[in-house]
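Next come the chains, spelled out residue by residue.
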Amino acid sequence: MIPYTIERRSDTGVTNVTMGIWLFLASEVMLFGALFSAYALLRVSAVNWPSGRDVLSVTRGAANTAILLVMTGFAWRARSAGDIAAGRRRLLVASILAMMFLVVKGVEYSSELGRGLVPSVSTFLAMYFTLTGLHALHVVCGLIANVWALTGVTRVGTEMTTGRLRALGLYWAFVDVIWMIIFVLMYLS
Amino acid sequence: MKRRLFWIAACLSGPSPLFACPVCFQVEAGPVASGVRAAVVVLICVTSVVLGAVAMFLRRTRLLSSATPEVDPGGRPPGSTSGVALRS
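Protein sequences, first through last, are from chains C and F. Going by the numbering used here, the letters in the first sequence line up with residues 1 to 189, in that order. Going by the numbering used here, the letters in the second sequence line up with residues 1001 to 1088, in that order.
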């Protein structure tokens, strides 16, 4: 049994759940930071770098941005909901929106692959598929975590579920911020 | 101490190409060197943000631990992992 999952530790001032999610997010920042560093290396050293507006569908990218923003809003509000039932409802809506994001991303991928835009065509596309693919993988993992939190209330009780909702809110906010950076770097510039 | 000073002096007196960045050395004006510099700047920024956050957290922890007594109200010392049953 992991201690301090509900009550705050006196030395850190936070619960172990909060501490754990922040450490996890720090490692995730380093992971995406390395990829953004690779993007900077490839882009600055490239002689010819295509504009994302000419290659990718900005409309679909913008739609996904809107979906992810609303979804993060619901996930963030789930963590501060007064009662656990309201928190679960908001997380359920956030999960549906995350699925919508994946559907739009899947449609976008199939359209690009259908036009022959595969990673081996150019460095731009290789970077695009790496960044968006890893991000989509994070959305899938977040969805699994949402289901885990939604179904675990009866097993672990409301107090522990509240901690999980808080951690998920932070995670989805991070996923949203990463998408914003990807959207600006790959679609708009 | 003398041995340390010897090694420092030996390193400083070495030929300058030894200290050159293996990627940028002699290709300073090329686009690859500019790309590597941009990548390094991005990585340094990301690392600085993460390390800064860790430093702020450690400072907060130190302030908290100096402000609170050593034993918490539950009778357990901070960081203790024994005898805790929290799952309802």
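Check the hints yourself; a few may be wrong.
[As the list claims (entries may be wrong)] Chain C side only, calculated, beta carbon under 10 Å to chain F, not exhaustive:
{"#": "1", "residue": "Arg9"}
{"#": "2", "residue": "Gly13"}
{"#": "3", "residue": "Ala26"}
{"#": "4", "residue": "Ser27"}
{"#": "5", "residue": "Pro50"}
{"#": "6", "residue": "Leu69"}
{"#": "7", "residue": "Phe74"}
{"#": "8", "residue": "Trp76"}
[To be verified] Computed far set for chain F versus chain C, every beta-carbon distance over 10 Å:
{"#": "9", "residue": "Met1001"}
{"#": "10", "residue": "Lys1002"}
{"#": "11", "residue": "Arg1004"}
{"#": "12", "residue": "Phe1006"}
{"#": "13", "residue": "Ala1010"}
{"#": "14", "residue": "Cys1011"}
{"#": "15", "residue": "Gly1014"}
{"#": "16", "residue": "Pro1015"}
{"#": "17", "residue": "Pro1031"}
{"#": "18", "residue": "Ser1034"}
{"#": "19", "residue": "Val1036"}
{"#": "20", "residue": "Val1049"}
{"#": "21", "residue": "Ala1053"}
{"#": "22", "residue": "Phe1057"}
{"#": "23", "residue": "Ser1065"}
Hints listed in this document are in silico derivations from the structure and should not be mistaken for laboratory results. Since the structure is predicted, the reported quantities are computational estimates derived from the model, not experimental observations. All C-beta atoms, glycine included, are put in the ideal place defined by N, C-alpha and C.
Now for the hints, and whether the structure bears them out:
Look at C:Arg9: its Cβ gets to within about 6 Å of chain F, closer than 10 Å, so that hint holds up. Proximity of C:Gly13 to chain F holds as hinted, the smallest CB-CB distance being about 5 Å (cut-off 10 Å). About 5 Å separates the beta-carbon of C:Ala26 from the nearest beta-carbon of chain F, less than 10 Å, and the hint is met. A hinted interface residue such as C:Ser27 counts as satisfied when its beta carbon comes closer than 10 Å to some beta carbon of chain F; here the least separation is about 9 Å, so the hint holds.
With a cut of 10 Å, the hint placing C:Pro50 at the interface with chain F is violated, because the nearest CB-to-CB distance is about 16 Å. Because the closest C-beta pair between C:Leu69 and chain F is about 23 Å apart, greater than 10 Å, the hint is violated. Interface restraint check for C:Phe74: the shortest CB-CB distance to chain F comes to about 26 Å, outside 10 Å, so the restraint is violated. A least Cβ separation of about 20 Å between C:Trp76 and chain F goes past the 10 Å threshold, and the interface hint is therefore violated.
With a closest Cβ-Cβ approach of about 37 Å to chain C, F:Met1001 is found to remain outside the 10 Å limit, as its non-interface label requires. A cut-off of 10 Å between C-beta atoms confirms that F:Lys1002 is not in contact with chain C; the least separation is 40 Å. Distance to chain C confirms F:Arg1004 as a non-interface residue, since its nearest Cβ pair spans about 33 Å, more than 10 Å. Every beta carbon of chain C lies more than 10 Å from that of F:Phe1006, the smallest distance being close to 37 Å; the non-interface claim holds.
Chain C leaves F:Ala1010 outside its interface by the beta-carbon criterion, the shortest separation being 33 Å against a cut-off of 10 Å. Chain C leaves F:Cys1011 outside its interface by the beta-carbon criterion, the shortest separation being 28 Å against a cut-off of 10 Å. With a cut of 10 Å on Cβ distances, F:Gly1014 stays outside the contact zone with chain C, its closest approach being about 29 Å. Once the 10 Å rule is applied to beta carbons, F:Pro1015 is consistent with being away from chain C; the minimum gap is 28 Å.
With a least beta-carbon separation of about 5 Å from chain C, F:Pro1031 fails to lie farther than 10 Å from that chain, contradicting its non-interface assignment. Remark: the non-interface label on F:Ser1034 conflicts with the geometry, its nearest Cβ contact in chain C lying 5 Å away (cut-off 10 Å). Residue-level check failed: F:Val1036 sits 6 Å from the nearest beta carbon of chain C, not beyond 10 Å. Listed as a non-interface residue, F:Val1049 fails to keep its Cβ farther than 10 Å from every Cβ of chain C; the least gap is roughly 7 Å.
Remark: the non-interface label on F:Ala1053 conflicts with the geometry, its nearest Cβ contact in chain C lying 7 Å away (cut-off 10 Å). Not every Cβ of chain C is farther than 10 Å from the Cβ of F:Phe1057; the closest lies at roughly 8 Å, contradicting the non-interface assignment. A cut-off of 10 Å between C-beta atoms contradicts the statement that F:Ser1065 is not in contact with chain C; the least separation is 5 Å.
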